[in-house]
Amino acid sequence: DGGITQSPKYLFRKEGQNVTLSCEQNLNHDAMYWYRQDPGQGLRLIYYSQIVNDFQKGDIAEGYSVSREKKESFPLTVTSAQKNPTAFYLCASSEQGAHYGYTFGSGTRLTVV
Amino acid sequence: GDSVTQMEGPVTLSEEAFLTINCTYTATGYPSLFWYVQYPGEGLQLLLKATKADDKGSNKGFEATYRKETTSFHLEKGSVQVSDSAVYFCALTRSGNTGKLIFGQGTTLQVKP
Chain F
1 DGGITQSPKY LFRKEGQNVT LSCEQNLNHD AMYWYRQDPG QGLRLIYYSQ
51 IVNDFQKGDI AEGYSVSREK KESFPLTVTS AQKNPTAFYL CASSEQGAHY
101 GYTFGSGTRL TVV
Chain P
1001 GDSVTQMEGP VTLSEEAFLT INCTYTATGY PSLFWYVQYP GEGLQLLLKA
1051 TKADDKGSNK GFEATYRKET TSFHLEKGSV QVSDSAVYFC ALTRSGNTGK
1101 LIFGQGTTLQ VKP
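Protein chains in written order, with this note's numbering: chain F, 1 to 113; chain P, 1001 to 1113.
Just chain P, with the same shape it has in the complex (with noise of 0.2 Å):
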């Protein structure tokens, strides 16, 4: 079946360091990938997204690409601030049109002054 894997966390880098944070999937046919954040008691608000093999979504310095031959979506940013400190989400739309998006467990980050 169609699953999602992250690294896991947490995840602990200092201000202005690299961020990378791992994704793979299991999926048949080409669904569309997703990053989502989730700051400290809040709902998840949609980072960015890529629907075909070769996308690279960006927002706010993130980025990532889909790479359909390491079937990975990985997540990087250049230099982070301690407010990216949250829980970031990998996900996938389900095959078979169903609509359901599956999601891995998410790896938080901490970024430290």
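Extracted from the complex, chain F is given alone in its bound form (with noise of 0.2 Å):
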């Protein structure tokens, strides 16, 4: 079955170090995208990519950076810049246009001790 898996579920790390959060999809998607939840609030965008090897900022990059070099992963590191690094991500993928709407997976927890 196709789908999108984020690892691991839950994720813990010191304060001060980088942390890097993976996503895999083989819905042979072109769009991948990343999303940060915190408790009680809607979805706030921070990188997004619409094809291989070209990656955009979203609305809170700061302190986040990504790569996409396989159209299946784009995964997602968390920098020691990155003030308030504890919430819940969720990665996202959908075909060019996105007009069937987005495929999301589980989500990864990041707790910063």
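Just so you know, the hints here were simulated from the structure itself, not pulled from any lab data.
Computed from a predicted model, the values in this text were never measured in an experiment.
Each residue gets a CB set at the ideal place from its N, CA and C atoms; glycine is no exception.
Hints may be right or wrong, so weigh each one.
Cross-link-like lysine-lysine pairs, in silico, DSSO-like; alpha carbons within 30 Å at most [said to hold, decoys possible]:
no. : chain 1 : residue 1 : chain 2 : residue 2
1   : F       : Lys70     : F       : Lys9
2   : P       : Lys1052   : F       : Lys9
3   : F       : Lys9      : P       : Lys1068
4   : F       : Lys14     : F       : Lys83
5   : F       : Lys9      : F       : Lys57
6   : P       : Lys1052   : P       : Lys1068
Just so you have them, the derived chain P footprint on chain F, three or more residues with Cβ under 8 Å [as the list claims (entries may be wrong)]:
no. : region
7   : 16-23
8   : 41-51
Just some of the chain P residues that point at chain F, by a computed CB distance under 8 Å [to be verified]:
no. : residue
9   : Thr1028
10  : Tyr1039
11  : Gly1043
12  : Gln1081
13  : Gly1099
14  : Leu1101
Reassemble the complex: the two chains are provided individually, in unrelated frames, and hints are given to aid placement.
Written out as structure tokens, the structure reads:
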């Protein structure tokens, strides 16, 4: 079955450490996205990529970095420059234009202590 | 700019009650409209969609009609169950075929037995 996989589901890191969240899809989607969700809040776009080897900043890109070396993969690195990294991170993918919406992964809950 | 406005929650209902969650939008052109559902600790799942005016999306007893004259896409269900307790997000495709979805802030539904 096609889908989008995020790993790990829970991640704990010490303050000051970089951490990379994995996102893999086998839907043959061109576009991929990263969102951040804080408790009781909506979704905020971090980065998105519409094609391999290209990506754009979203609304809250500071303190984050991404790469898109393969169509299937869009890892997100949370750097030590991100002031409040503890959050729920969601990855999504879509075909070009997103006319049929996004497919989401199950999320990674990052806790920085 | 494009935007989505949802009714504030939480919405608390008794089992078998009628549900309406209001969603209105601002957009140029003819966006596609979506409802997503998020269960606790999980990613978002596409619940239903409509791609043109007067279309009705439906799934699992939920319905929403694309009303261009009132720029609305209200979610309805005739008889809710405890298992429907979740957060519901309304979304639209952003103008200009950028492939990006604009999400509302989400509405929490609590159904009590």
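So, going through the hints one by one against the coordinates:
no.: 1; hint: F:Lys70 / F:Lys9; result: holds (22 Å)
no.: 2; hint: P:Lys1052 / F:Lys9; result: violated (36 Å)
no.: 3; hint: F:Lys9 / P:Lys1068; result: violated (40 Å)
no.: 4; hint: F:Lys14 / F:Lys83; result: holds (13 Å)
no.: 5; hint: F:Lys9 / F:Lys57; result: holds (24 Å)
no.: 6; hint: P:Lys1052 / P:Lys1068; result: holds (9 Å)
no.: 7; hint: 16-23; result: violated (count 0)
no.: 8; hint: 41-51; result: holds (count 6)
no.: 9; hint: Thr1028; result: violated (16 Å)
no.: 10; hint: Tyr1039; result: violated (10 Å)
no.: 11; hint: Gly1043; result: holds (4 Å)
no.: 12; hint: Gln1081; result: violated (23 Å)
no.: 13; hint: Gly1099; result: holds (4 Å)
no.: 14; hint: Leu1101; result: holds (6 Å)
Figure legend: structure checked against the earlier numbered hints; hints not met, in rising order: 2, 3, 7, 9, 10, 12.
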